[in-house]
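Asker: Now for the letters of each chain:
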Amino acid sequence: MRIWQYDDNINTDMLFPGKYTYTCSIPEEIIPHLLEDLDPEFSKHVQKGDLIFAGHNFGCGSSREQPVLGLKAVGITAVVAKSFARIFYRAAINQGLLLIECENAVNAYSKGDPVSLDVDAGKITVGEKEFSFPKLPDEILAIREAGGLLAYTRKKLENK
Amino acid sequence: MPNMTFAEKILAKYGHQKTVEPNQIVTVQPDHLLSHDNTAAIIQKIQPELQKYGIHNPNLSIIVLDHVIPAASEKTATNHQKIREFVQTHNIKNFYDIGAGICHQIVVEKGHALPGMILLGSDSHTCSYGAIGAFSSGIDRTEAAALMLTGETWLKVPRSIKMTLTNSLQPGVTAKDVILHIIGDISASGATYCSVEFHGTTEHLTIDDRFTIANMGIEMGAKNTVFPVDKHTISYLKQRGIQQNQYTPINPDPDATYALTYDYDLSDIEPVVALPHSVDNVKPITEIEGLEINQCLIGTCTNGRLSDLQTTAKILKGKTVHPSTRLLVLPASRQIYLEAMNEGVLDILAKAGGVILPPGCGPCLGAHQGALAPGERCLSTANRNFKGRMGCKEAEIYLASPATVAATALTGKITDPRKEGN
Numbered sequence: 001m002r003i004w005q006y007d008d009n010i011n012t013d014m015l016f017p018g019k020y021t022y023t024c025s026i027p028e029e030i031i032p033h034l035l036e037d038l039d040p041e042f043s044k045h046v047q048k049g050d051l052i053f054a055g056h057n058f059g060c061g062s063s064r065e066q067p068v069l070g071l072k073a074v075g076i077t078a079v080v081a082k083s084f085a086r087i088f089y090r091a092a093i094n095q096g097l098l099l100i101e102c103e104n105a106v107n108a109y110s111k112g113d114p115v116s117l118d119v120d121a122g123k124i125t126v127g128e129k130e131f132s133f134p135k136l137p138d139e140i141l142a143i144r145e146a147g148g149l150l151a152y153t154r155k156k157l158e159n160k
Numbered sequence: 001m002p003n004m005t006f007a008e009k010i011l012a013k014y015g016h017q018k019t020v021e022p023n024q025i026v027t028v029q030p031d032h033l034l035s036h037d038n039t040a041a042i043i044q045k046i047q048p049e050l051q052k053y054g055i056h057n058p059n060l061s062i063i064v065l066d067h068v069i070p071a072a073s074e075k076t077a078t079n080h081q082k083i084r085e086f087v088q089t090h091n092i093k094n095f096y097d098i099g100a101g102i103c104h105q106i107v108v109e110k111g112h113a114l115p116g117m118i119l120l121g122s123d124s125h126t127c128s129y130g131a132i133g134a135f136s137s138g139i140d141r142t143e144a145a146a147l148m149l150t151g152e153t154w155l156k157v158p159r160s161i162k163m164t165l166t167n168s169l170q171p172g173v174t175a176k177d178v179i180l181h182i183i184g185d186i187s188a189s190g191a192t193y194c195s196v197e198f199h200g201t202t203e204h205l206t207i208d209d210r211f212t213i214a215n216m217g218i219e220m221g222a223k224n225t226v227f228p229v230d231k232h233t234i235s236y237l238k239q240r241g242i243q244q245n246q247y248t249p250i251n252p253d254p255d256a257t258y259a260l261t262y263d264y265d266l267s268d269i270e271p272v273v274a275l276p277h278s279v280d281n282v283k284p285i286t287e288i289e290g291l292e293i294n295q296c297l298i299g300t301c302t303n304g305r306l307s308d309l310q311t312t313a314k315i316l317k318g319k320t321v322h323p324s325t326r327l328l329v330l331p332a333s334r335q336i337y338l339e340a341m342n343e344g345v346l347d348i349l350a351k352a353g354g355v356i357l358p359p360g361c362g363p364c365l366g367a368h369q370g371a372l373a374p375g376e377r378c379l380s381t382a383n384r385n386f387k388g389r390m391g392c393k394e395a396e397i398y399l400a401s402p403a404t405v406a407a408t409a410l411t412g413k414i415t416d417p418r419k420e421g422n
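Just so you know, the sequences run in chain order A and B. Note that the first sequence covers residues 1 to 160 in the numbering used here. Note that the second sequence covers residues 1 to 422 in the numbering used here.
Keep in mind that the hints were calculated from the coordinates and are not lab data. Think of the CB as a built atom: it goes at the ideal place given N, C-alpha and C, for glycine as much as any other residue. A hint or two may mislead.
Computed Cβ-Cβ distance ranges for the label pairs, DEER-style [said to hold, decoys possible]:
id, chain 1, residue 1, chain 2, residue 2, range
1, B, Asp185, A, Leu136, 31 to 41 Å
2, A, Asn104, B, Thr19, 28 to 38 Å
3, B, Thr261, A, Asp113, 38 to 48 Å
Below, in silico cross-link-like pairs of lysine-lysine (DSSO-like), each with a Cα-Cα straight-line distance of 27 Å or less [said to hold, decoys possible]:
id, chain 1, residue 1, chain 2, residue 2
4, A, Lys155, B, Lys156
5, A, Lys44, B, Lys387
6, A, Lys82, B, Lys156
7, A, Lys155, B, Lys52
8, A, Lys82, A, Lys129
9, A, Lys72, B, Lys238
10, B, Lys393, A, Lys72
11, A, Lys160, B, Lys13
12, A, Lys123, B, Lys314
13, B, Lys45, B, Lys82
14, B, Lys351, B, Lys314
15, A, Lys160, B, Lys52
16, B, Lys393, B, Lys156
17, B, Lys393, A, Lys44
18, A, Lys155, B, Lys351
19, A, Lys82, B, Lys387
20, B, Lys13, A, Lys156
21, B, Lys13, A, Lys72
Covered stretches of chain B (chain A as the covering partner; in silico rule of three or more C-beta atoms under 8 Å from a C-beta of chain A) [stated by the list, open to error]:
id, stretch
22, 130 to 140
23, 167 to 176
24, 363 to 369
25, 377 to 391
Sequences and hints are given; from them, build the entire structure.
Answerer: This is the structure we're talking about:
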């Protein structure tokens, strides 16, 4: 498992350049351009199970959802950040991408520290230190548990 | 009854609750759902459901083709084609084809957003409609798809921030300088998850001014931004054929609780520029004057309104754009284009050497028209200066008011619009 570390204010243009917004919509089209202007190494070397550690306001900017679709498709387990921009946060809920807002965990991390995650218990361990993060409200967990918003919506429509 | 902020009051109303508190989750049925060129990708996600269930309500959607218009490639042309077919199949009345204008301008100009309404849109600058007292916020494509099918979604009640303005602006200083100044002050994440309410001497700001400010709420992380409904709002709507009995404004209670409060004296604000590559990297123009600029852009959903073009024309009248730079002008809608043409504003801008682009998003997101080359600098009235935003990661984008961009177009260097001769 590799940890990709980024700063504050990582915006949606860094995560997925705007010039591709209306020509790339599905994971196969998105992945080659993921983080293209921020870290060209990312899409070449990212592996399933990797984590992203970032600063404040991760995902700020545009409402484009390609960053979330792309990070989910390459198998990022979770993005751990000091804070997230709200549209990105909603998009992640809707796609079932796990976001963990935990400033202390991000601050505690130094390159090479072992990191482990227990989502059900709401715990993240960085080096020797353990941090807890709050559980999502039930209404939101229901979307994630259904497998994302579209699956949740299908279920709702079927039960009508 | 506890005293509630604007966001609390409107979310209580739409969530069918007597009162709500920050962090509470409510289910709402918004009045409208906005989407644009991304409608093609939205409907692609729900093809089987659209066939089986149809759309929830044909009056919910407002669809505007504005992001890559006219189509720049077979792929974007096909997107537009799919959207036109969808609109026809599902009998969507609020559809605006290429050339009508930028979605956010259209929503307000055509009277789709009214005071006291909730609008959601799959575009981050949906927060613009707070200019006329609506609650509006951006969502992603998947949520827009679900809304088309069900007509409802959840919203978390945000904490609220109260920004109180005092006095009025000095000559040469504009609403764009106000919002850049505020974002520079509180940072790009200073209002994350929050509802931002403007109070105080808002009567000194026109609806165009408020639009510019509300539009950039997302650049400080806000969920929505809102101005009080006053005589300017009422007369703006009247001019569009909307009478006062057609809407119910929602006002915050006087003793509502705010998470944060800020005070800004408008008369203290100077022309400012946001430097690359973040909107909160704001400096007084006096610190950056003289920097050479290759491209000047006036327009976008932030500053493409008639008053912005009039300001530009006043500065450029009888003069020519400096040969070391180029000027792109982008009216925000066909109506603005026509008004600017009839008033002679476009004549002045074209004679000065400006390139008049069709009403749309144009160069702002780097998808076509007006892209930058490595090493180039653009001074723009848009809302974002992110690295790579205008198609090239080795280019630099600076943000300023239309007055500053117009003054700069004449010299090819960042120029203070308060200087003599401007």
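Asker: Are the Cα positions of B:Lys393 and A:Lys44 separated by 27 Å at most?
Answerer: This hinted pair holds, its Cα atoms lying about 19 Å apart.
Asker: Taking a Cβ-to-Cβ distance below 8 Å as contact, does the stretch 377 to 391 of chain B have at least three residues touching chain A?
Answerer: holds (count 6)
Asker: Would you say the stretch 363 to 369 of chain B counts as covered by chain A, given the rule of at least 3 residues with C-beta under 8 Å?
Answerer: holds (count 3)
Asker: Sort out whether B:Lys156 lies within 27 Å of A:Lys155, counting only the CA atoms.
Answerer: Answer holds: A:Lys155 to B:Lys156 is near 22 Å, not above 27 Å.
Asker: Is A:Lys123 close enough to B:Lys314, meaning Cα to Cα at most 27 Å?
Answerer: Since the Cα atoms of A:Lys123 and B:Lys314 sit roughly 61 Å apart, the hinted pair is violated (cutoff 27 Å).
Asker: Against the 27 Å threshold, does the CA-CA distance of A:Lys82 and B:Lys387 hold or violate the hint?
Answerer: 22 Å, holds
Asker: With the threshold set at 27 Å, check whether the alpha-carbon distance from B:Lys13 to A:Lys156 stays at or below it.
Answerer: 24 Å, holds
Asker: Would you mind confirming whether the straight-line C-alpha gap from B:Lys45 to B:Lys82 stays at or under 27 Å?
Answerer: 13 Å, holds
Asker: Mind checking the alpha carbons of A:Lys72 and B:Lys238 for me, to see if they're no more than 27 Å apart?
Answerer: 48 Å, violated
Asker: Could you grab the alpha-carbon distance between A:Lys82 and A:Lys129 and see if it respects the 27 Å cut-off?
Answerer: 17 Å, holds
Asker: Below or equal to 27 Å on CA atoms is what counts here, so check A:Lys160 against B:Lys13.
Answerer: 25 Å, holds
Asker: Is it true that the CA of A:Lys44 sits at most 27 Å from the CA of B:Lys387?
Answerer: Measuring from Cα to Cα gives roughly 21 Å; hence the hint holds.
When each numbered hint is compared with the structure, violations occur for hints 9, 12, 16, 18, 21 and 23.
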